[in-house]
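Enquirer: Residues per chain are reported as follows:
Protein chains: 2
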Amino acid sequence: MQYSFASRTHSLLTSPLRSVQKLAKRDSLISLAEELPAEELFPVSALAEAAGSVLSADPRSLQYGEAEGYGPLRQWLSESWSRRKGLHMEPDRILLTTGTQQAMDLLVRSCTNPEDTVLVENPTSPGLLQVLRLHGVRMIPVRSDHDGVLPEQLAELLLKHQPKLFFAAPNFNNPTGALWSLERRLEVLKVIAGTSLLVVEDDSLGELCFPGSPAAQPLPPLAALEERQGEQVLYVGSFSKTVAPALRTGWAAGPSEVISMMTAVKLMADWQSSMLIHRMLHHLLLSRHFHLEEHLSALNREYVTRLKLMDQLLRRSAWSGASYELPKGGMFLWVRLPGGLSGDVLLKAAALKGVSFLPGSMCSPDGENHDYIRLNFTHPGRDELMLGMNLISEALREFTARS
Amino acid sequence: MQYSFASRTHSLLTSPLRSVQKLAKRDSLISLAEELPAEELFPVSALAEAAGSVLSADPRSLQYGEAEGYGPLRQWLSESWSRRKGLHMEPDRILLTTGTQQAMDLLVRSCTNPEDTVLVENPTSPGLLQVLRLHGVRMIPVRSDHDGVLPEQLAELLLKHQPKLFFAAPNFNNPTGALWSLERRLEVLKVIAGTSLLVVEDDSLGELCFPGSPAAQPLPPLAALEERQGEQVLYVGSFSKTVAPALRTGWAAGPSEVISMMTAVKLMADWQSSMLIHRMLHHLLLSRHFHLEEHLSALNREYVTRLKLMDQLLRRSAWSGASYELPKGGMFLWVRLPGGLSGDVLLKAAALKGVSFLPGSMCSPDGENHDYIRLNFTHPGRDELMLGMNLISEALREFTARS
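Going line by line, the protein sequences match chains H and G.
Take any residue in the first sequence, note its place counting from 1, add 1422, and you have its number in our numbering.
Take any residue in the second sequence, note its place counting from 1, add 1422, and you have its number in our numbering.
The following block holds chain H by itself, in its conformation from the complex (with noise of 0.2 Å):
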């Protein structure tokens, strides 16, 4: 029998994302490509213990719970970003999502009708690309510098096109790390300020920012520097890279109006999320057996090291004239090629010695950074890092000997 598809679904199949992704999943392949927190630093033990307390004392942490997710996790954040972030949203203006993904997806099912023009920060995350192409809605890429996205263009893009919807991770960008300027926040705010644009501020690797760096606490979010909060961005994130992925949780926290609306879209999208989890994380952040500063200082120190041993290895000869910038956190480092070489043409022979990497391409909306690939530095351990590297460098030299 033929089946027939959705006419978008089609740059679902093809896209080349999933070649990597399938490529990574291969077990005889170290994997640079993906974003995966290093689990041996997850909080077992204390979550065990949560969820050990939390079925004993209420059965219905096994019941259908609310749409919008389980209130007391929604206080928390709510308590937690007031206290650390200078944010304040209140409950009922944050959505709990299955992560990130979701949040991003349930939004742009809320805000966008196919055709409809939105700007993305460029480069941007292969995930959210994903969504905005399966909804047939036109991408405009915002340039950047060492700062931030560029006030000037950005202005100009929103005279000419009107978007809905602009797209920008200020905290330690995936795939760049980089990191916007406080500067830079205030003057993208005071650009969009009286127009009806929605800042979409994903803040997903805000948390993993480096000690030793100037920047050892996190700069404020676009939604905490905004003059009305709550009123012209959306602040998006998730536990998956600061507590564990397979908690499934994250969030959106911003206008009433659109949270509503995202939450109409989940019930219909997934019902809910699970209020076991919900319960279990709860318990966890209150819990005497962890706490999240000092978890995630560990986290950062460890990242840290990973990132100061790939440093390391990209200065050896193989990656001679390939440049990039140390980030100051996140989990990305983004090396630009030498001599041009397209990312995607290095990644078929890396592969074929057991390695992979994200080529640039899949992180922009025109299919631009070709000559620039994504390394992952939080996943390897030190053994695993040591020999992709090596596997790469390989690789590159075959490219590099013949020019």
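These aren't lab readings, by the way, just hints derived from the structure by calculation.
Nothing here was measured: the structure is a model prediction, and the numbers come from that model.
Note that CB positions come from ideal geometry on N, CA and C, so glycine has one too.
Some hints could be false.
Said to hold, decoys possible - Far from chain G, some chain H residues (derived; all Cβ distances over 10 Å):
no.	residue
1	Pro1640
2	Leu1647
3	Glu1715
4	Glu1716
5	Glu1724
6	Leu1731
7	Asp1733
8	Ala1744
9	Pro1760
10	Gly1762
11	Asp1766
12	Ser1786
13	Glu1790
14	Asn1812
15	Thr1822
As the list claims (entries may be wrong) - Here are a few chain H residues that sit away from chain G, every Cβ distance over 12 Å (derived from the structure):
no.	residue
16	Lys1507
17	His1568
18	Glu1609
19	Ala1691
20	Asp1692
21	Gly1761
22	His1792
Unchecked claim - Derived Cβ-Cβ restraints for the label pairs, each shown as a range:
no.	chain 1	residue 1	chain 2	residue 2	range
23	G	Glu1747	H	Ser1618	47 to 55 Å
24	H	Gln1424	G	Arg1738	49 to 57 Å
25	H	Arg1804	G	Glu1715	43 to 51 Å
26	H	Ser1719	G	Gly1789	56 to 64 Å
The hints should help you fit chain G onto chain H, whose structure is shown.
Expert: What follows is chain G alone, placed relative to chain H:
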């Protein structure tokens, strides 16, 4: 600021289902409106044991997994269906979702364009109707008699509309509780054979099959009866009603091409479900502390007791003129109100007294069935059920006394 929303989202916010759901959340209210299992019977301690074991065995339980879901759990489903239902479906034809609702949403996103025509067994579940409405799909209702949907009408509609999809729930339809006869199942399969129709079989309630009825063993699902299994039937269901809703675990299983496309859409929609939950559930299903079939027997014994109580209460004078058929399984009683009274009107009066139910109009693509109501008998305990039914009776008496 004015926020602008996607054009079809309008239907979500104005949905009467939403107001019933809001109503049902008020603590003072007894709800016979929802689709909740009895929480007294959740396998709480076996799940706590599972959580502890899984977490201590492998920290990767907290890591990202695969979009299609945890392999051993798909393997378990495959074997269990094969043994218990005569349904032979390889694990790679199974996608784990967060429930039936997500399975329906992913399917509709994968297979339909706006304005496409689909057939829907009438009445049907309000959750499915929401999905189809948001996607802008044209729904054609298919009528039923005591044995299931009418094959002649189905044949006629197939010819006339050449629909892509047909949504049906042969085992204990939500809301009616109807069970298609074996003969009717075979007739329906004959009608669709050779066409390009995909039947989406919702078997969410199939295991809630009550003792003492001729159908004390569930009838084989359509998916098990088609000549080449996995060709024209997509088999959808979940653990929400059999183990616990907060596990957020369901499935879609069927044609590889369809499963593969739904998996790609899931990657984009929420990346993947929770590996932790999948491993916990798999551990539970293999555990000596839990036997699924015994658990289902206990559940069904309890539910049939509650159903009998509801049946007794419906025989009181307030309900004279109402009609219903006692279901052989499922979670709902579908009652036709006396004298053409509207379920929506009765709900308003009942809600003022502190009780809610689902008006029939919400279960129909075109708002038909307005003189029906859907009563849930699985969640409320004995006292709550009696009080709730008394309050509805009171409201009902006010209308029948007038006429």
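Enquirer: Work down the list of hints and note, for each, if the structure agrees.
Expert: These are the hints, each one checked on the structure:
no.: 1; hint: Pro1640; verdict: holds, 24 Å
no.: 2; hint: Leu1647; verdict: holds, 16 Å
no.: 3; hint: Glu1715; verdict: holds, 20 Å
no.: 4; hint: Glu1716; verdict: holds, 18 Å
no.: 5; hint: Glu1724; verdict: holds, 14 Å
no.: 6; hint: Leu1731; verdict: holds, 21 Å
no.: 7; hint: Asp1733; verdict: holds, 25 Å
no.: 8; hint: Ala1744; verdict: holds, 28 Å
no.: 9; hint: Pro1760; verdict: holds, 32 Å
no.: 10; hint: Gly1762; verdict: holds, 31 Å
no.: 11; hint: Asp1766; verdict: holds, 20 Å
no.: 12; hint: Ser1786; verdict: holds, 17 Å
no.: 13; hint: Glu1790; verdict: holds, 21 Å
no.: 14; hint: Asn1812; verdict: holds, 25 Å
no.: 15; hint: Thr1822; verdict: holds, 34 Å
no.: 16; hint: Lys1507; verdict: holds, 22 Å
no.: 17; hint: His1568; verdict: holds, 31 Å
no.: 18; hint: Glu1609; verdict: holds, 20 Å
no.: 19; hint: Ala1691; verdict: violated, 5 Å
no.: 20; hint: Asp1692; verdict: violated, 4 Å
no.: 21; hint: Gly1761; verdict: holds, 34 Å
no.: 22; hint: His1792; verdict: holds, 23 Å
no.: 23; hint: Glu1747(G) / Ser1618(H): 47 to 55 Å; verdict: holds, 54 Å
no.: 24; hint: Gln1424(H) / Arg1738(G): 49 to 57 Å; verdict: holds, 55 Å
no.: 25; hint: Arg1804(H) / Glu1715(G): 43 to 51 Å; verdict: holds, 48 Å
no.: 26; hint: Ser1719(H) / Gly1789(G): 56 to 64 Å; verdict: holds, 57 Å
Hint compliance for this structure: hints 19, 20 are broken, all remaining hints hold.
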